[in-house]
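Peer 1: With chain A held as given, fit chains B and C onto it using these hints.
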Amino acid sequence: MKQANGGISLEKPTIWQKLTHNRKLVILFAVGILLYTSTFLITSSVFSVKNLMSLLKIASFLGIVTAGQMFAFLIGGIDMSVASVITLAGITGSVLFTMNLPLGAVLAAVLAIGLLIGAVNGFFISVVRIHPMVMTLAMGSILKGVSLILTNGITRSGNSSLLKNFANKNLGYGITGSVILWLVVGVSVTLLLRCTVFGRQVYILGSNPEAAYQSGVNTVRVQMAVYMICSMMAALAGIMVLGYTGTTALAAGDGYLLPGVAAVLLGGVSPLGGKGGYGGVAIGVFILITLENLLMVLRMTTADKNILEGAILLIFIIIYNTKFSFRWRRLPNDRNMV
Amino acid sequence: MPKKMLKKHGDILPIILILISMFLITMTLQSNFWSVSNFQVLARQLAPYVFIAMAQTMVLLLGGMDMALGSLVSFANVMFASTLGHGALDLITILGILALCMVMSAISGLVVYWFKLPAIVVSLAFSFIWSGVALRVMSVPGGHIPNTVVGPLTANIGGVLPAPLLLIVLFIAFWYLVKRTSMGVLIYAVGNNREGAFTSGLPVLKAYLFSYCFSGLMIGMAALLLSAITTSGDPNIGGPLTINSVTAAVLGGVAFSGGKGKMIGSVVGGMVVGMLVNVLFYLRVPGHYTYVVEGGILIFAVAANLIRERGKRA
Amino acid sequence: MEISARTTNKEYILALEGVSKRFGGTLALSDTTLTLPRGKVVALVGENGAGKSTLINIISGLFRPDSGTIELDGEPVQWTGPAQAIKKGIAVVHQELTLFPNLTVAENVFAGNNEINLRFGRIDRETMHRRTGEILEMLGLKIDATVSANDLSLAEQQLVEVAKALVWNPRILILDEATSALDPNQVKRLFDAVRKLRDSGVAIIFVSHRMYEIEEIANQALVLKDGRIVASLDDEAMKNTTQDMLVEAMLGRAVEAVFPNKATARSKEVLLDVEGLVNDQLRGVSMQILPGEIVGLAGLRGHGQEELLRVLFGICPCKQGKVNLGNRPYVSRNPIHAIKSGFAYVPADRKTQGVAQELSIEVNLTSVTKKRMYSRIRFKEERDTIREIRRSLNIGQSVWNQQVRSLSGGNQQKVVLGKWLKSDFKVLLMDEPTRGIDVATKHEIYEFLRALAETGVAIVAVSTDTLELLGISDRIYVFYEGGIHAMLEGEALNEASLTSAIMGV
Chain A
1 MKQANGGISL EKPTIWQKLT HNRKLVILFA VGILLYTSTF LITSSVFSVK
51 NLMSLLKIAS FLGIVTAGQM FAFLIGGIDM SVASVITLAG ITGSVLFTMN
101 LPLGAVLAAV LAIGLLIGAV NGFFISVVRI HPMVMTLAMG SILKGVSLIL
151 TNGITRSGNS SLLKNFANKN LGYGITGSVI LWLVVGVSVT LLLRCTVFGR
201 QVYILGSNPE AAYQSGVNTV RVQMAVYMIC SMMAALAGIM VLGYTGTTAL
251 AAGDGYLLPG VAAVLLGGVS PLGGKGGYGG VAIGVFILIT LENLLMVLRM
301 TTADKNILEG AILLIFIIIY NTKFSFRWRR LPNDRNMV
Chain B
1 MPKKMLKKHG DILPIILILI SMFLITMTLQ SNFWSVSNFQ VLARQLAPYV
51 FIAMAQTMVL LLGGMDMALG SLVSFANVMF ASTLGHGALD LITILGILAL
101 CMVMSAISGL VVYWFKLPAI VVSLAFSFIW SGVALRVMSV PGGHIPNTVV
151 GPLTANIGGV LPAPLLLIVL FIAFWYLVKR TSMGVLIYAV GNNREGAFTS
201 GLPVLKAYLF SYCFSGLMIG MAALLLSAIT TSGDPNIGGP LTINSVTAAV
251 LGGVAFSGGK GKMIGSVVGG MVVGMLVNVL FYLRVPGHYT YVVEGGILIF
301 AVAANLIRER GKRA
Chain C
1 MEISARTTNK EYILALEGVS KRFGGTLALS DTTLTLPRGK VVALVGENGA
51 GKSTLINIIS GLFRPDSGTI ELDGEPVQWT GPAQAIKKGI AVVHQELTLF
101 PNLTVAENVF AGNNEINLRF GRIDRETMHR RTGEILEMLG LKIDATVSAN
151 DLSLAEQQLV EVAKALVWNP RILILDEATS ALDPNQVKRL FDAVRKLRDS
201 GVAIIFVSHR MYEIEEIANQ ALVLKDGRIV ASLDDEAMKN TTQDMLVEAM
251 LGRAVEAVFP NKATARSKEV LLDVEGLVND QLRGVSMQIL PGEIVGLAGL
301 RGHGQEELLR VLFGICPCKQ GKVNLGNRPY VSRNPIHAIK SGFAYVPADR
351 KTQGVAQELS IEVNLTSVTK KRMYSRIRFK EERDTIREIR RSLNIGQSVW
401 NQQVRSLSGG NQQKVVLGKW LKSDFKVLLM DEPTRGIDVA TKHEIYEFLR
451 ALAETGVAIV AVSTDTLELL GISDRIYVFY EGGIHAMLEG EALNEASLTS
501 AIMGV
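Protein chains in written order, with my numbering: chain A, 1 to 338; chain B, 1 to 314; chain C, 1 to 505.
If we strip away everything but chain A, and leave its shape as in the complex, we get (with noise of 0.2 angstroms):
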């Protein structure tokens, strides 16, 4: 197998390659479109804005839970917290307004506690070295057990119109607040990760934990600003989902840690880690909400969703994995970091 000389004259990449020699991604961009326009003639409607962006309002809390998961899969971690964290979020935003905090102050501290719950994560996973599943399995279960216990006496639900108009309200097109904030999380998410040198670190973490180590990146640091990422995010879901459904529910975390990591996965970020970016993910996400929301118009059953569900998330993870079984291509591979 012949190496190329010196190699120094390789051509810089035009805009239009950078973003296409990502195959992968392509191709999920594809299937999005796809299945967005089948679902027009599926069900015999019209597209119109207001839809889209209803669409994109009920996909932007799930889209905020998995930026923060996507860090923890891309160093080959897991968060299985992030439901009781959305739960907790919501319950602890409600008790504190109906103590009448300003929505600041109730945004601060519900957003300080995701800190400090991945934090401890964090701590364990990367000092004590617990393996990550194991450790947010238990912390899951552990934060759970706090909710009950929080509202074992707390029934009133305490909300902030604020709140609820940022996440309902129609700020024109039938853009709302929390479509927002997702592009804002999605624009930062990208940036920390393609333009910092944490977010290089963490690619480099996750490819391979003891080169990073043998090249002097701080291996703690990193994971447990990962872990606290990630916590936050599911906080910061957590306190948009209260202020949408206007209520705190038990139940409420737990569409998004499953179907979350569902989304991560399709979007091609590979659970061994140092594969992939949120761009796919937010596809993914797009991808898993219009899925739903297709099958719901469809009156099809729950127990035939889930079964659809599961057999799209096979097919395509089996598809991701044969692209990557050739090991010696000489063409452009697939770029780690969109």
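For the record, the hints were derived by calculation from the structure and aren't laboratory data.
Please note that the accuracy of each hint is not assured.
Stretch-level coverage of chain B by chain A, calculated; a stretch enters the list once three of its residues show a Cβ under 8 angstroms from a Cβ in chain A [unchecked claim]:
hint : region
1    : 108 to 116
2    : 120 to 128
3    : 135 to 143
4    : 247 to 256
5    : 294 to 303
Not close to chain B: a few residues of chain A, all C-beta gaps over 12 angstroms, as computed [to be verified]:
hint : residue
6    : V26
7    : M99
8    : L101
9    : K169
10   : R194
11   : E210
12   : M296
Note that CB positions come from ideal geometry on N, CA and C, so glycine has one too.
Peer 2: For chains B and C alone, coordinates are given in the frame of chain A:
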């Protein structure tokens, strides 16, 4: 001699200590704990947890993880509840459903094997599929398990030995026999280094088939015993069971990376998890604390194990 | 232990004809035809990427050839997988370790081998342990067969891999870089065993980058270049072939002196001063390193040299001792601190410790940074830096954003080196600087190291390749059982002195 034994079996030490402490705590809180009838009831209620612990262990040893365990239990449970009640035919039906569990589990394993995918991810997809199938069989709780089935499964043999306990012992014995054969070494080898196993000419496929089929059988048994307790079917019964099974196995010293761990550890872990869920309920402790305690014990046990292992290396 | 050679009346045990293998756009092996005689050691020689691994993998059943035939004992065969090939008597000791860390040595050696099975597949542990002990003894390995494989040193693991292959009573034994982690002593014992096997009729294929090993053990040789066999030497021809001629055949051109010149002027100020370092592997190590010199650390593997590097870089703890770097005291804590103080480290195992294989060359080259964690990446600056590094090291790259994984071993090592170039280090610590790398790249790296030293940094290199050490080092410290046994410089830098010092004489 004791030091070598500690090194070899030290990973199940924490969980045994935890079990003993739980016994002691419940003993002080409940006066009639140490009675034969109480133990019999306890055995019946812990048995499903022991079986799911064993099921998860089989997959963990191979280097994977089964996230679809709970859904498969739900499926088997609703199948039992909706097809039993035909007298002598029930035996065949039970065997058939157990076989079906083995096949379904094997399908999952084969996908993992053929496409070389992480088991967590594949089983996640299958958990959706199996839970959907379970809902198709029965969309709301219902069905009935006839007394002719419940009876033998909850009986006490010779008036003393609970049937579930006997079943557990039988399966543990079977596993330990297998462990001493080349299949046993094979499973641990694959869990240690799948690529290396393949390059060394080991029949990796056989390991996958055996482990996943055995796991499926354990899942079916768990569902069977659970059905005998609830005497009905519930398509969501398996919800928390996946997490319970992982907790039980990890408590018992089974490594996430694969190729390491003892079945007896998981069995004890299953007992601990089962006790947490049941006994605390017994003692009228509000369910909320169960979750906190379960999470706390898990963190403690794993951390203790890790620190012990690191101390060993220093 | 009895090694039986099943004799047949066919002349060659293995014959390949017109075998080709393509991976995507690359023709890894083209139209290969060769015959393997019984009872000979045939060296397989070639640069990285020449097709050796592909050839071995095809013979051993891991890959299926796209075209051509393979004949075993005159009968054509088509492997469905390694298991079949093993059962037919082809055993391979691979470059990558295939051991199972949580199994015992005996279980590893007999993995998949059903000879020791009783009824129902039950394992006869007594026989298993006994036979394992026999093989280990023959290889000179004094370990308990009930030990866990992950408690073994790298060299011990490699020998267990050999044991694993031997236990199948192979008719063809392939050793792929099986000596890379072994010291001269262990290699000698291994070669004794190999000769015994050869004399009983086993055909042996030996792959190594160490020419002197090939000279010592091989009867014949096959030279691969760019996927083709360019030279096939039988016993007679082999006797008349020198190491240089082999290298020439491999490279296709005349070989220049492999080693660059030694250091010229030397400053008197000590750069790195180590005093009395003690931990559970080192018993009081002291040395002084001057700027601009390349110091070699020699010794049997596991006698403390690699450990010293790891302690200096902060990977392993040290209990006692003082270290001064550039006149300032240095306490080894962790790699981050080491890097900040001015150390750089190239580990022995680049695949698992040196590079993130799945990521691109660019990301790997910029992975060492003293910038703060949340600082912005300046892309333009970075591109220039990367270009510079690639130019000075001549890293062969063909595509934008290429994965490190697709590079040859030599180029990967250049990436590992390259990531340190902009980090302002004072001392470069290298463990096995050119292990598993082809001769041409080795030369490039030696030149580069010398040029690096000329800029005033010091290089400390651990190697079990005595010729390499003698070639690049200005001075050599020889380790023996955790302490420094001798320091060789000037006249004393010769093979005889070095070898005896390594043995503790």
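Peer 1: With reference to the structure, classify each hint as holding or not holding.
Peer 2: Against the structure, the hints come out as follows:
no.	hint	in the structure
1	108 to 116	holds (count 3)
2	120 to 128	holds (count 8)
3	135 to 143	holds (count 3)
4	247 to 256	holds (count 3)
5	294 to 303	holds (count 7)
6	V26	holds (22 angstroms)
7	M99	holds (22 angstroms)
8	L101	holds (25 angstroms)
9	K169	holds (34 angstroms)
10	R194	holds (25 angstroms)
11	E210	holds (15 angstroms)
12	M296	holds (15 angstroms)
Going through the hint list in order, the structure satisfies each hint without exception.
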